[in-house]
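Novice: Those protein sequences? They're chains G and B, same order as listed.
Numbering-wise (the working numbering), the first sequence opens with residue 81 and increments by one.
Numbering-wise (the working numbering), the second sequence opens with residue 126 and increments by one.
Treat the hints as calculated values from the structure; they're not laboratory data.
A quick note: this is a predicted structure, and the numbers were derived from the prediction, not measured.
Please note that a few of the clues may not be correct.
Distance windows between CB atoms, simulated [unchecked claim]: (1) B:877 to G:90: 50 to 58 Å; (2) G:251 to B:252: 53 to 61 Å; (3) B:252 to G:110: 38 to 46 Å; (4) B:309 to G:251: 17 to 25 Å; (5) G:250 to B:315: 29 to 37 Å; (6) G:93 to B:877: 58 to 66 Å; (7) G:105 to B:864: 50 to 58 Å; (8) B:401 to G:206: 50 to 58 Å; (9) B:315 to G:245: 24 to 32 Å; (10) B:704 to G:198: 55 to 63 Å; (11) G:250 to B:877: 44 to 52 Å; (12) B:864 to G:174: 48 to 56 Å; (13) B:252 to G:245: 23 to 31 Å.
Result set (DSS-like, lysine-lysine): computed pairs, CA atoms no more than 30 Å apart in a straight line [stated by the list, open to error]: (14) B:257 to G:234; (15) B:293 to G:234; (16) B:293 to G:232; (17) B:310 to G:232; (18) B:953 to B:310.
Derived list of chain B stretches under chain G, where covered just means 3 residues or more per stretch with a C-beta under 8 Å from a C-beta of chain G [said to hold, decoys possible]: (19) 298-304; (20) 838-849.
The beta carbon of each residue, even a glycine, is placed where N, CA and C say it ideally should be.
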Amino acid sequence: MISNLRTMALTFLHIFRKRETIQYPEEKIKLHPRWRGRIVLTRDPDMGERCVGCYLCAAACPVDCISLQSAEDENGRRYPEFFRINFSRCIFCGYCEEACPTYAIQLIPDFEMAEYTRQNLVYEKEDLLIDSEGKYPGYNYYKVAGLSAGIKGKGEGDNEEAPVDIHSLLP
Amino acid sequence: MAIIYIDNKPYEVKEGKNLLEACLTLGFNLPYFCWHPAMGSVGACRQCAVKLFKDDNDHTGRLAMSCMESIRDNLHLSIDDPVAKAFRSQVIEWLMTNHPHDCAVCDEGGSCHLQDMTVMTGHTYRRFHYKKRTYTNQYLGPFINHEMNRCIQCYRCVRFYKDYAGGKDLDVFSAHDHVYFGRAKDGILENEFSGNLAEVCPTGVFTDKTLKEHYTRKWDMTMAPSICQHCSLGCNIIAGERYGELRQITSRFNSEVNGYFICDRGRFGYEFVNSINRIQQPVIRARFPEAVNKPELFVHLKNILSGEIIGIGSPRASLESNYALRKLVGKSNFYQGVAKKQVKLMETVLQIINSGHVHIPSIKESEQADVVLILGEDLTNSAPRLALAVRQAVVKTAMDEAKNINLPSWHDSALREYIQEENGELLSLYPVNTKLDEIASHTQYLNPDEIARLGYAIANLLNPEYPAVKNLDDGVAEYAKVLAGILKNAIRPLIISGTGLGNESIIKAAANIAFALKTDSQRASLIYVVPECNSIGLAMMQAGSYQDVLNAGKIHQPETLIILENDLERSWGPSEASSFISSFKNVIVIDHLHHASSQKATVLIPCGTFAEADGTMVNNEGRAQRFFQVFMPANENIRESWRWLDEFKQIKDGRTIEELSEPENENLLGELITEMPQFKGAEMAAPPGDFRIKGQKIPREPHRYSGRTAMLANLNVSEPKPPEDPDTPLSFTMEGYRGIPPSPLIPFFWSPGWNSVQSINKYQVEVGGPLHGGDPGIRLFTGIESSERLILNDVPEAFHANENEWLIIPLPHIFGSEELSIYSSGVKERSPQPYIAIARQDADRLNIREDDVLQLKLNDRVFNLKAKIKEELAKGIAGIPFNIPALYGLNLPAKGILIKEKDE
Chain G
81 MISNLRTMAL
91 TFLHIFRKRE
101 TIQYPEEKIK
111 LHPRWRGRIV
121 LTRDPDMGER
131 CVGCYLCAAA
141 CPVDCISLQS
151 AEDENGRRYP
161 EFFRINFSRC
171 IFCGYCEEAC
181 PTYAIQLIPD
191 FEMAEYTRQN
201 LVYEKEDLLI
211 DSEGKYPGYN
221 YYKVAGLSAG
231 IKGKGEGDNE
241 EAPVDIHSLL
251 P
Chain B
126 MAIIYIDNKP
136 YEVKEGKNLL
146 EACLTLGFNL
156 PYFCWHPAMG
166 SVGACRQCAV
176 KLFKDDNDHT
186 GRLAMSCMES
196 IRDNLHLSID
206 DPVAKAFRSQ
216 VIEWLMTNHP
226 HDCAVCDEGG
236 SCHLQDMTVM
246 TGHTYRRFHY
256 KKRTYTNQYL
266 GPFINHEMNR
276 CIQCYRCVRF
286 YKDYAGGKDL
296 DVFSAHDHVY
306 FGRAKDGILE
316 NEFSGNLAEV
326 CPTGVFTDKT
336 LKEHYTRKWD
346 MTMAPSICQH
356 CSLGCNIIAG
366 ERYGELRQIT
376 SRFNSEVNGY
386 FICDRGRFGY
396 EFVNSINRIQ
406 QPVIRARFPE
416 AVNKPELFVH
426 LKNILSGEII
436 GIGSPRASLE
446 SNYALRKLVG
456 KSNFYQGVAK
466 KQVKLMETVL
476 QIINSGHVHI
486 PSIKESEQAD
496 VVLILGEDLT
506 NSAPRLALAV
516 RQAVVKTAMD
526 EAKNINLPSW
536 HDSALREYIQ
546 EENGELLSLY
556 PVNTKLDEIA
566 SHTQYLNPDE
576 IARLGYAIAN
586 LLNPEYPAVK
596 NLDDGVAEYA
606 KVLAGILKNA
616 IRPLIISGTG
626 LGNESIIKAA
636 ANIAFALKTD
646 SQRASLIYVV
656 PECNSIGLAM
666 MQAGSYQDVL
676 NAGKIHQPET
686 LIILENDLER
696 SWGPSEASSF
706 ISSFKNVIVI
716 DHLHHASSQK
726 ATVLIPCGTF
736 AEADGTMVNN
746 EGRAQRFFQV
756 FMPANENIRE
766 SWRWLDEFKQ
776 IKDGRTIEEL
786 SEPENENLLG
796 ELITEMPQFK
806 GAEMAAPPGD
816 FRIKGQKIPR
826 EPHRYSGRTA
836 MLANLNVSEP
846 KPPEDPDTPL
856 SFTMEGYRGI
866 PPSPLIPFFW
876 SPGWNSVQSI
886 NKYQVEVGGP
896 LHGGDPGIRL
906 FTGIESSERL
916 ILNDVPEAFH
926 ANENEWLIIP
936 LPHIFGSEEL
946 SIYSSGVKER
956 SPQPYIAIAR
966 QDADRLNIRE
976 DDVLQLKLND
986 RVFNLKAKIK
996 EELAKGIAGI
1006 PFNIPALYGL
1016 NLPAKGILIK
1026 EKDE
């Protein structure tokens, strides 16, 4: 009996507590930057596509909902010819972001992507690509990768020596 | 057998091998770079270090490179020793100091030996934060991409390219930590085996440039075991598909056939599968609309098929397809899709192979020969992988000498140092110089008839029972004595000949030499190069040539003709073939590519290429091998020829479309063997369609195949049911048995920790040896020993040059002479421009200079060709590139007239 009364008292006390329920959608929830929501493809500081079509996100995806085809421009820079995410399958695990060696694919704090037809949840590259560096500003993969792809010449990247003169025998 | 102790556990291993091979054979994961099972050890990379102990009581031990240690009985070693482990991971760490951070854009990633070895040694985090060495790259032609930054200086590329394949234009430059692997200057890699660099290189310095056009990781490809379609050797390949497009061909290890390597025509000649020239839709010509669907097609065919039909088979179609056609049209109406001359040549070849008088070697066996005699074949261009084997035979003979100084056979650099330029005996007879001449001990440039006469003379010298040659030139007679002397002293002589020059006497002369060499102490072998991938299979069906149709003496000529996967104009000539085709009211052409003959079809039916079909083919040694469908094309009209033809047969027998039963290739093969017992064994080339391991099929896709729920989501978000494969034990999905499948069913090589092609080690009984369960392929000619001698007698008259008429001979080209590979842009780029090779004597007589335009009149056709003057060519002979697109259908050799264009 005492226990019942005590429980009721505790419950009534909650009336004077701060409300947790928010009036969504009129009121928006505050999401943290690392919240794993909608997936985007970002750009590097020069506004070039960051994605190099390495297929690691697709391989890491546990539901196999990422499919792409890499292509190469005239400078040898790789980019995805198409990049498709089937969000009706996506479980927002963030493995793709973890696998991405170029910080191209990122999960952002946005979950408002409901659709009436499932087909509309298939996002193509045009839907995914944003004009921003996302969470990792300043990073340009081609500046640290060895190969030259129109961003820098051989030996001009970070931590690179000038190309070897193969005609020299000097130590 | 010896007992060695690895980490105090005894193991029984084979002597004569090195320690690395033994450890890998036992299943240990020991990292390595510079060692390659086909190329032996050099001990350059220091990666395979283990600890060796003097005896039981020695606990200190010393580090040693396992690839440089011979197996000795009672050897104690440790792989897990902390010092050895630390040493191996340090070596990797040093290598990685200069290795760039570009795995993401590297084509090797996912099938990279360096990645595998780095993970294996436990080097997971880079501590080196200083500058990395860089190099500039070179343009190496249409096949191979160069990214020198990634090099780890293992020297495998130059060892393969120069030492193994005999290439001249790839080398190592510069010194110390700046060594550079490339060409002296930018340019196309000339060697015919350059594509293997992509597999030999443990990292991404040399990669497949054609794959780059539509790059796909190894784990994303649907792969199936297949057979190369571009020459008669039947090299085993793995074909990979993604998004409905064939993407890559790699070598599929078969120790008897191609071993680890394939030629560039086989590796890069696959683009015809993706060609825009593919036939996509059944077409009934002269009606509207022309494109029809399957029911409409069958309604139309019902009337056509009811009468008598002539069927023309194909040397590039599978046994099943050819047999399905033969079954449809009947035995007497089935003809081979090759010219009469060729049918005769193949009959002779088959008669000799079938006689059981001589051993027909596999490519691996031909590497063991101590004397090689080549009669009238330019192997590098007509059967490239065999040329590579001949190179090994020649070097191996010289290396055998090294047994005297106790050098083991795997000690590659020491052996090469020991033999220097020494080579075994290679005797080459051909009208013009060939690439193998550089390693030949005796080369003679003779006209085709003279090659045959010399061959007969050699056989006569070896054994007087064989016919003598009359009026032999003194020089040639002397030469015959020299060659006969060399052959007589050989222990394992190998005679190579073929249909390349279209000369039957050469084929017979080669057989006579091989027969004459057969004594108690000698084991001669004989190998013939034939024109196409299934030439032997088609010839074994013993049908006439299509040219015989005209002389078949039929009272009523049938109204319907079916041409199976064949361009008659290519082998017969445009005017003859088209007048033949137009003499039929209905012409049904079944093929995968549009060509001259398909334009004349009244009914055109698309069929699958090797990548979209299952089938069996017989290679030049009579080995029946199965190739498996790689992917199910989205276009349901693209089906195997045998599937169409089997349904036509059912329609002909009066069934309606609804009553059609699904054709089965096993039934076809079974009927083929019942009807033609010479094919007995072909059904065992691969396990039957209902074969399962633990109730499971074998998946064509690796377990990390990606994008299944997205790749077709743009069409429909609901995923379709994966295609089923009722014909084979393979499935089109990634689900199924994950262990090592039977050897004919290996869709790709992978083993835990071994993503690269080096995982082949795990599929072999012993490293470099046969695959588990034996190598794939069943030899149909078992070689029954027969005591009576076969003596062939067809000695030709000596050739006399005619002032006004030339004998035009075909000169094969690895890139260009084959019908399908020419659709690859790289192969096309490498193929020769039309030319005519003429003798110096003729050129001087007619005042012709190099590159003058000559008019060639041949079979009522006229060609304007640039002259190439060949010093070695005999007068009265001229050569033109064989079957290149501008010069097909000429039925060579033939007589032609040369006229010099007037100078203007």
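Novice: If a hint holds in the structure, say so; if it doesn't, say that too.
Specialist: Hint by hint, here is what the structure shows:
1. B:877 to G:90: 50 to 58 Å: holds, 57 Å
2. G:251 to B:252: 53 to 61 Å: Since residue 251 of chain G and residue 252 of chain B have Cβ atoms about 25 Å apart, the given range 53 to 61 Å is violated.
3. B:252 to G:110: 38 to 46 Å: holds, 41 Å
4. B:309 to G:251: 17 to 25 Å: Once the Cβ atoms are compared, 23 Å apart, the range 17 to 25 Å for residue 251 of chain G and residue 309 of chain B holds.
5. G:250 to B:315: 29 to 37 Å: Holds, since residue 250 of chain G and residue 315 of chain B (Cβ atoms, about 31 Å apart) stay within the stated range.
6. G:93 to B:877: 58 to 66 Å: Given range 58 to 66 Å: holds, Cβ gap about 59 Å.
7. G:105 to B:864: 50 to 58 Å: Because 54 Å falls inside the window, the suggested range holds.
8. B:401 to G:206: 50 to 58 Å: violated, 27 Å
9. B:315 to G:245: 24 to 32 Å: Check passed, 26 Å falls within 24 to 32 Å.
10. B:704 to G:198: 55 to 63 Å: holds, 60 Å
11. G:250 to B:877: 44 to 52 Å: holds, 45 Å
12. B:864 to G:174: 48 to 56 Å: violated, 33 Å
13. B:252 to G:245: 23 to 31 Å: holds, 28 Å
14. B:257 to G:234: Since the Cα atoms of residue 257 of chain B and residue 234 of chain G sit roughly 11 Å apart, the hinted pair holds (cutoff 30 Å).
15. B:293 to G:234: holds, 28 Å
16. B:293 to G:232: violated, 33 Å
17. B:310 to G:232: holds, 23 Å
18. B:953 to B:310: holds, 23 Å
19. 298-304: holds (count 5)
20. 838-849: Coverage by chain G holds here, the residue count being 5 at a Cβ distance below 8 Å.
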